[in-house]
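Q: Next come the chains, spelled out residue by residue.
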Amino acid sequence: SQKIEQNSEALNIQEGKTATLTCNYTNYSPAYLQWYRQDPGRGPVFLLLIRENEKEKRKERLKVTFDTTLKQSLFHITASQPADSATYLCALDGLTGGGNKLTFGTGTQLKVEL
Amino acid sequence: EPEVTQTPSHQVTQMGQEVILRCVPISNHLYFYWYRQILGQKVEFLVSFYNNEISEKSEIFDDQFSVERPDGSNFTLKIRSTKLEDSAMYFCASRASTGKRQPQHFGDGTRLSIL
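Protein sequence lines, in the order shown, are assigned to chains U and C.
Going by our numbering, the first residue of the first sequence is number 1, and it counts up by one from there.
Going by our numbering, the first residue of the second sequence is number 1, and it counts up by one from there.
Just chain U, same shape as in the assembly (with noise of 0.2 Å):
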């Protein structure tokens, strides 16, 4: 059966420091992949999408590359900030059944320390 993994521990880093966040699946060929962020009681909001014959998309501070032969996607904040604390999801989308319905990871939860 299709699997995504992101670490399930939480991710501490000093501010100024770069966080790098995994995300590792398996039994799926996404077209797509897009990563989202989220905050206590509030629904995801969209950050980057990377398509399967991109390497590497940047937007600001954002970085995600995309390895469809490993298997993988890396997401880095870099210049790391108190205010990029939240869960971050990454989400696979692979055009199926016309809907193109996300298949999310259970995320790995940021804290960036002062």
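Treat the hints as calculated values from the structure; they're not laboratory data.
Hints are supplied without guarantee of correctness; some may be wrong.
Mimicking EDC-like on lysine to aspartate or glutamate, the simulated pairs with C-alpha atoms at most 16 Å apart in a straight line are [what the hints assert, rightly or not]:
1. C:LYS42 <-> U:GLU9
2. U:LYS71 <-> U:GLU5
3. C:LYS57 <-> U:ASP93
4. U:LYS111 <-> U:GLU9
5. C:LYS78 <-> C:GLU18
6. U:LYS59 <-> U:ASP84
7. U:LYS3 <-> C:GLU44
8. C:LYS42 <-> U:ASP84
9. C:LYS42 <-> U:GLU5
Simulated restraints, written as ranges between beta carbons of each label pair [claimed, not checked]:
10. U:LEU74 <-> C:GLN17: 44 to 54 Å
11. U:PRO40 <-> C:LEU115: 17 to 27 Å
12. U:ALA83 <-> C:SER9: 18 to 28 Å
13. C:THR13 <-> U:THR68: 35 to 45 Å
14. C:MET15 <-> U:THR78: 40 to 50 Å
15. U:LEU11 <-> C:SER9: 22 to 32 Å
16. C:ALA96 <-> U:ARG58: 21 to 31 Å
17. U:ASP39 <-> C:ALA96: 22 to 32 Å
18. C:GLU59 <-> U:THR78: 33 to 43 Å
19. U:TYR28 <-> C:ARG22: 41 to 51 Å
These numbers come from a predicted model, not from an experiment.
Beta carbons are placed, not taken as given, at the ideal position from N, Cα and C, and that holds for glycine.
Please arrange chain C on chain U, whose structure you already have, making use of the hints.
A: Just chain C, lined up with the frame of chain U:
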């Protein structure tokens, strides 16, 4: 920036009762979705809706669930006879349709508590 709005923010219902969760998607979007998130678990797909019909549904979305877009602006999720295990956050999402892949935009959810 336009956003997806959901009402109510919290709904408490007795088991066996019907509940309707409401969503107003972003106005020029064409694809609509419902997801749920049980406390401490991952966000799970329920159903997608396009051109006034369901395009895909998960095995969670059984005969007790239905969706409707009654008036061109609201998008509703109805649970006919609620069970305790329906307690969760329910998120509505919408997506524009262009030649280029667009992300889904989520509302802040309705917390459904079944007693």
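Q: Would you mind marking each hint as holding or not holding in the structure?
A: Hints and how they fare:
1. Proximity of LYS42 (chain C) to GLU9 (chain U) is assessed by CA-CA distance (about 14 Å); at most 16 Å being required, the pair is judged to hold.
2. A C-alpha spacing of about 11 Å is found between LYS71 (chain U) and GLU5 (chain U), which places the hinted pair at or below 16 Å, so the restraint holds.
3. At most 16 Å may separate the alpha-carbon atoms for a hinted pair to count; LYS57 (chain C) and ASP93 (chain U) meet this at roughly 15 Å.
4. At most 16 Å may separate the alpha-carbon atoms for a hinted pair to count; LYS111 (chain U) and GLU9 (chain U) meet this at roughly 11 Å.
5. Under the criterion of a C-alpha separation no larger than 16 Å, the hint pairing LYS78 (chain C) with GLU18 (chain C) is consistent with the structure, at around 7 Å.
6. Between LYS59 (chain U) and ASP84 (chain U) the CA atoms are separated by roughly 14 Å; this keeps the pair inside 16 Å, and the hint holds.
7. The suggested pairing of LYS3 (chain U) with GLU44 (chain C) holds, with an alpha-carbon distance near 13 Å, which does not exceed 16 Å.
8. For the given pair, LYS42 (chain C) sits about 20 Å from ASP84 (chain U) by alpha-carbon distance, which is inconsistent with the 16 Å threshold.
9. Proposed proximity of LYS42 (chain C) and GLU5 (chain U) is supported: the alpha carbons are some 11 Å apart, at most 16 Å.
10. Checking the proposed 44 to 54 Å range against LEU74 (chain U) and GLN17 (chain C) shows it holds: the Cβ atoms sit about 46 Å from each other.
11. For PRO40 (chain U) paired with LEU115 (chain C), a C-beta distance near 23 Å keeps the hint of 17 to 27 Å intact.
12. Between ALA83 (chain U) and SER9 (chain C) the C-beta distance comes to about 23 Å, which sits within the given range of 18 to 28 Å.
13. The beta-carbon spacing between THR13 (chain C) and THR68 (chain U), approximately 44 Å, falls within the hinted interval of 35 to 45 Å.
14. Judged by the Cβ atoms, the range 40 to 50 Å given for MET15 (chain C) and THR78 (chain U) holds: they are separated by roughly 49 Å.
15. For LEU11 (chain U) and SER9 (chain C), the hinted distance range of 22 to 32 Å is satisfied, since their beta carbons lie about 29 Å from each other.
16. Checking the proposed 21 to 31 Å range against ALA96 (chain C) and ARG58 (chain U) shows it holds: the Cβ atoms sit about 23 Å from each other.
17. Judged by the Cβ atoms, the range 22 to 32 Å given for ASP39 (chain U) and ALA96 (chain C) holds: they are separated by roughly 24 Å.
18. Our hint of 33 to 43 Å for GLU59 (chain C) and THR78 (chain U) holds, since their Cβ atoms are close to 40 Å apart.
19. Between TYR28 (chain U) and ARG22 (chain C) the beta carbon distance is about 33 Å. The supplied range of 41 to 51 Å is therefore violated.
Figure legend: structure checked against the earlier numbered hints; hints not met, in rising order: 8 and 19.
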